[in-house]
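Participant: Given chain A, work out where chain B should sit, using these hints.
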Amino acid sequence: MSALLHVSNISKRFGGFVALDGIEIEVQPGERLGLIGPNGSGKSTLVNCICGALQNEDGQVHFDGAPMNGLAAHERTHRGLARSFQLPRPFHSLNLVDNIRVPMLYTVHKRTGPLHADTVDARCVELLRLVGLDQKARLMPRDLTQVEMRKLELARAVAAEPKLLIADESMAGLSHSEIEDILTLLMQLNERGITIILIEHIMSAVMKFSQRLAVLVSGKKIADGKPEDVVRNPEVVRAYLGQ
Amino acid sequence: MNTLQVTIVSMLVGAAVYLCGHLFGIGYLFFAGYTILQFVVLSTAWNILGGYCGYVNFGSAAFFALGAYTTVFFYKFYPLPIPLLIVIAAVVSGIVGFGMGYLTLRLRGAFFAIATLALAVVLQTLVVNWDFVGGSRGAYIVRSDTISLGGFTIEYIEYLFLLMMVVAILSIGISRAIARTQLGFGFATIRDDELAAEASGVPTLRLKLIATTISGALMGMAGAPFPYYIGYLQPASAFGLEYGVNSIAMPIIGGTTSWVGPLIGAVLLGSLQQLATVTISSAVNLLIVGLLLVFFVVVAPNGLVGLVQDHFKAWRKK
Numbered sequence: 001m002s003a004l005l006h007v008s009n010i011s012k013r014f015g016g017f018v019a020l021d022g023i024e025i026e027v028q029p030g031e032r033l034g035l036i037g038p039n040g041s042g043k044s045t046l047v048n049c050i051c052g053a054l055q056n057e058d059g060q061v062h063f064d065g066a067p068m069n070g071l072a073a074h075e076r077t078h079r080g081l082a083r084s085f086q087l088p089r090p091f092h093s094l095n096l097v098d099n100i101r102v103p104m105l106y107t108v109h110k111r112t113g114p115l116h117a118d119t120v121d122a123r124c125v126e127l128l129r130l131v132g133l134d135q136k137a138r139l140m141p142r143d144l145t146q147v148e149m150r151k152l153e154l155a156r157a158v159a160a161e162p163k164l165l166i167a168d169e170s171m172a173g174l175s176h177s178e179i180e181d182i183l184t185l186l187m188q189l190n191e192r193g194i195t196i197i198l199i200e201h202i203m204s205a206v207m208k209f210s211q212r213l214a215v216l217v218s219g220k221k222i223a224d225g226k227p228e229d230v231v232r233n234p235e236v237v238r239a240y241l242g243q
Numbered sequence: 244m245n246t247l248q249v250t251i252v253s254m255l256v257g258a259a260v261y262l263c264g265h266l267f268g269i270g271y272l273f274f275a276g277y278t279i280l281q282f283v284v285l286s287t288a289w290n291i292l293g294g295y296c297g298y299v300n301f302g303s304a305a306f307f308a309l310g311a312y313t314t315v316f317f318y319k320f321y322p323l324p325i326p327l328l329i330v331i332a333a334v335v336s337g338i339v340g341f342g343m344g345y346l347t348l349r350l351r352g353a354f355f356a357i358a359t360l361a362l363a364v365v366l367q368t369l370v371v372n373w374d375f376v377g378g379s380r381g382a383y384i385v386r387s388d389t390i391s392l393g394g395f396t397i398e399y400i401e402y403l404f405l406l407m408m409v410v411a412i413l414s415i416g417i418s419r420a421i422a423r424t425q426l427g428f429g430f431a432t433i434r435d436d437e438l439a440a441e442a443s444g445v446p447t448l449r450l451k452l453i454a455t456t457i458s459g460a461l462m463g464m465a466g467a468p469f470p471y472y473i474g475y476l477q478p479a480s481a482f483g484l485e486y487g488v489n490s491i492a493m494p495i496i497g498g499t500t501s502w503v504g505p506l507i508g509a510v511l512l513g514s515l516q517q518l519a520t521v522t523i524s525s526a527v528n529l530l531i532v533g534l535l536l537v538f539f540v541v542v543a544p545n546g547l548v549g550l551v552q553d554h555f556k557a558w559r560k561k
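First to last, the protein sequences are chains A and B.
Using my numbering, the first residue of the first sequence is number 1, and each one after it goes up by one.
Using my numbering, the first residue of the second sequence is number 244, and each one after it goes up by one.
Okay, chain A solo, but in the shape it has when bound (with noise of 0.2 Å):
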């Protein structure tokens, strides 16, 4: 099976701090990869590399079949890869259901045609019931809870119709029930036929949810296999826990 992303010996510097040098990440259609590492590793710079909110210096990213370099971030929205942020960023001056209707309206709009604002209404709600916030579809997001945020954050990464969802830590500061929500959710999308990378520190809830895990150190990948190898890997510990 071809890969449906490709990173390839990626790398990317801040004037002097190298902050990925030369990943090289690959993943299949339909897998959960969880991809962890130690703050200032370099996932969220490699998440921007991905999705072309940041250019890499050196190296290609390849997502189904075709190549990314160059492209804006809205164009490798357009083709399938999706995101949600670290810091859940909803459009503050819009509703819930607005939120969602705009990736509808510029990237599922663009790759199938126009669609009839019924039938956007119609999958707004779908998708607000999906994450549980239909009841909640009028209000504005300052009006929603942590939770809340980080559910409309995957709504309307989800909107996009994606083939790619990338995950960027949407469980951090959330309560044990919370994180389970989130977790539920995450596998729903993912049995729905959307490939997931999950980046996160909540360990317990990556081995829960990864087939596959990766694991990034000072911009370098020092793991990566089955999630229980990855732990047991010394090289992985000495990271996590120092010599």
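Read the hints as simulated data drawn from the structure, not as lab findings.
Possibly wrong hints are sitting among the right ones.
Stated by the list, open to error - List of simulated lysine-lysine pairs, DSBU-like, C-alpha gap at most 35 Å: (1) A:K163 x A:K110; (2) B:K319 x A:K136; (3) A:K136 x B:K556; (4) A:K226 x A:K208; (5) A:K163 x A:K136; (6) A:K136 x B:K560; (7) A:K208 x A:K220.
Facilitator: Okay, now just chain B, sitting in the frame of chain A:
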């Protein structure tokens, strides 16, 4: 109300004002009304970029002057009817708006605002040194006292008033239409969070270019009849501070997130300024703007529209 209904209501209100002034022979109504309508166009145009997209443009006077000097250029080169000049001014200002957008839209916040201010300075310097359009001496535009329209002879100021009313209705219609379409949603996402907008598939750069082009074109349209209104155009009047300040203050006072805010702000502030001009002095106009701006930024940062909406929500919760 949909866009068509808004346009019809605007036309009816405009027609009522016109008939009132015409039948009762109140010439000043047209003189003051023209200025107010001109500010309706400027503030509505500013709001498309500043309010909808969140990009503050300090160069409104440059686009206004560009429209005015397009008229002066053709007046000297080959005189054309004012409606045609308005269209040409829209094209010229739209192109400059697009160019400004292309050069500056990778800037944000204060840097973008400073760049637009620089555009006004550069254009003013060019005009001051361009003899064909009068340079620093200015240019006289001679107009007749009356004009014949469809068999009716009306005062020239009434004609200018009617033209500006059409431009104002057009700008309100465009602004209203944008707010309720895919474009309007795209603009709102740019204002709220550009990175999240891109991640949702919104082509932010293209949309910002559309906004600068439309905004610039409408401001140019507001400026095109101005030389005929004022009779003598000089760089200091065309690039006047009042255009830059009013076109920002009026939407902020009315409310920047809807099409109706700039309209309310322009009618309110424009009328107040006209009243001050005839009762005190035109010198207090900018003082009025300044005081109201400070008041609204502190008390009602979302403008009058936001204030009313907040009260309405609070009332519904009771």
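Participant: Determine for every hint whether it applies to the structure shown.
Facilitator: Cross-check of the supplied hints:
{"no.": "1", "hint": "A:K163 x A:K110", "verdict": "holds, 15 Å"}
{"no.": "2", "hint": "B:K319 x A:K136", "verdict": "violated, 62 Å"}
{"no.": "3", "hint": "A:K136 x B:K556", "verdict": "holds, 16 Å"}
{"no.": "4", "hint": "A:K226 x A:K208", "verdict": "holds, 12 Å"}
{"no.": "5", "hint": "A:K163 x A:K136", "verdict": "holds, 27 Å"}
{"no.": "6", "hint": "A:K136 x B:K560", "verdict": "holds, 16 Å"}
{"no.": "7", "hint": "A:K208 x A:K220", "verdict": "holds, 24 Å"}
Hint 2 from the list above is the single one not met by this structure.
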